[in-house]
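Asks: Sequence:
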Amino acid sequence: MKAQNLVVFISDEHNIRTVGCYGNPIVHTPNIDALAARGTRFASAYCTNPVCIPARAGFATGKYSHQIGFWDNADPYDGSIPSWHHLLRDRGHWVMSIGKLHFRSTDDDNGFSEERIPMHVIDGKGDLMGLVRDDLPERKGAWKMAGMAGPGESLYTRYDRDITEQAQIWLREEAARHRDKPWVLFVSLVSPHFPLTAPSEYFYRYYDDPRLPMPKLYAPGERPDHSYLREYGDCFAYDKYFDSDDKVRRAVAGYYGLCTFMDEQVGKVMRTLEETGLLDDTRVMYTSDHGDNLGSRGVWGKSTMYEEAAAVPLIIAGEGIPQGRVVDAAVSHVDVHPFILEATGEAGLIPGDQPGTSLMAIQTAPDPERTVLSEYHGMGSKAGMFMVRYRNYKYVHYISHPEQLFDLRADPEELVDLAGDPAHAEALAEGRRRLNEMLDPVEVDRRAHMRQRELLAANGGREAVIARGDLGFSVPPGVQPNFD
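If you read the sequence shown in this note's numbering, its first letter stands for residue 1, the second for the next number, and so on.
Hint data in this document are derived by calculation from the structure and do not stem from the laboratory.
Keep in mind that this is a model prediction, so the values were computed, not measured.
By construction, the Cβ of each residue, glycine as well, lies at the ideal position given by its N, Cα and C atoms.
Wrong hints could be hidden among the right ones.
Straight line, CA to CA, 30 Å or less: simulated DSS-like cross-link-like pairs of lysine-lysine [as the list claims (entries may be wrong)]:
#	residue 1	residue 2
1	Lys140	Lys382
2	Lys144	Lys216
3	Lys2	Lys144
4	Lys140	Lys2
5	Lys144	Lys125
DEER-style ranges, computed between Cβ atoms [said to hold, decoys possible]:
#	residue 1	residue 2	range
6	Phe483	Arg271	26 to 34 Å
7	Arg453	Glu174	43 to 51 Å
8	Ala365	Lys181	39 to 47 Å
9	Asp90	Ser227	26 to 34 Å
10	Lys240	Asp421	14 to 22 Å
11	Gly420	Phe483	21 to 29 Å
12	Gly348	Asp484	34 to 42 Å
13	Pro351	Lys181	18 to 26 Å
14	Gly420	Glu114	32 to 40 Å
15	Leu415	Asn482	22 to 30 Å
16	Asp421	Arg211	31 to 39 Å
I would like the entire structure built from these sequences, with the hints used as guidance.
Replies: Listed below in structure tokens is the structure:
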């Protein structure tokens, strides 16, 4: 594979079901769709952890949460475990980051040659309330999500405009200085993460569209009767604030609008690549840190193992990458790490202990027997949950709730849990076996809780953390956070 420059686009909380090239007939994402048409799209890609901070630590290091010990939104990446950016920078490549990182601090060596307008966690600590895993306190972020959904500008849309502009400026003014070795431009946008406030032209495009759907299985009588969903719902109390169909519609329209807004930011950077003559020498990747339930089953935000939250869009394009190809084999963000090194000519730097396989090798010879993992140890849950994808199956193991099994080929919407069906006992046993070959769920859960108890004590204990308040969402650099 010829060494080339690489642009990595990563959005925040982009539900794979809200991308045109992934089959959504309503949402307008022409730039991401065009990237898929000139490259390879992975139809079964997953994050390592369906919540922001550990997902981004996994993306950086190419490892699963239990391997690196960054468990939740109060345990941010600190640069102590080498990332693909460390490896490339230390080899002499310019690795430029623009936008959201959600790491601990710019004071840490995060591995980039430069971080421009980075968003890191508040005070180097993040969401401390997520450390409380027993007798879960009611979170207040849902009222912000419901109350802020609608037309207008937000801190996040302004920040995304700044990120896009800085990326365009870097390509025009600075990329040429780094011709000695392939460079990497990491463009990290915050949309469509809530607040679900979309500029009016994008919001009304969907709010006024009679085809805009209500969330799947949204009515209380339609929701799966699973104890984890009840536990999480009691903590976040979404129904208390999404108390009318119009509030739900405004939230969905805001989210769809932000998807289109974000897609346009991708398009602006892609046009700059073309206008500067850099496109032919640059490969491009698009993905998201995790997804968003978007009201499905009564859940908003992330933190589940359903496709809406744990699956991610993942597209690669450029020289040597087949055009218009769709790969159905399961892949993970751990497979991105070796791909980035290979794409920039540094395959020899891939560590021997990496769990992933380069996306190039996977698309060349897709293996339906691959197993990929996602795990969760964060807010709204009292104990860990683990998901493995293998062939057409998804197996979900909960430490303190009933396990689940879905056949995604026969049931892509995950409407029928097969865990209790004797006809699928063999597939269920295989899911358990594959998970236990990768880790010991009880031991991993114990380690996560031990770390969280340590951090909770270091921050004054349960009552002090709750008194600090609920942030709802991180703020861009230079903005004072507002705890409630």
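Asks: Would you mind marking each hint as holding or not holding in the structure?
Replies: A quick look at each hint next to the structure:
no.	hint	in the structure
1	Lys140 to Lys382	18 Å, holds
2	Lys144 to Lys216	22 Å, holds
3	Lys2 to Lys144	47 Å, violated
4	Lys140 to Lys2	50 Å, violated
5	Lys144 to Lys125	21 Å, holds
6	Phe483 to Arg271: 26 to 34 Å	40 Å, violated
7	Arg453 to Glu174: 43 to 51 Å	45 Å, holds
8	Ala365 to Lys181: 39 to 47 Å	29 Å, violated
9	Asp90 to Ser227: 26 to 34 Å	47 Å, violated
10	Lys240 to Asp421: 14 to 22 Å	35 Å, violated
11	Gly420 to Phe483: 21 to 29 Å	43 Å, violated
12	Gly348 to Asp484: 34 to 42 Å	50 Å, violated
13	Pro351 to Lys181: 18 to 26 Å	20 Å, holds
14	Gly420 to Glu114: 32 to 40 Å	53 Å, violated
15	Leu415 to Asn482: 22 to 30 Å	39 Å, violated
16	Asp421 to Arg211: 31 to 39 Å	34 Å, holds
Violated hints, listed in ascending order, are 3, 4, 6, 8, 9, 10, 11, 12, 14 and 15; each of the other numbered hints is respected by the structure.
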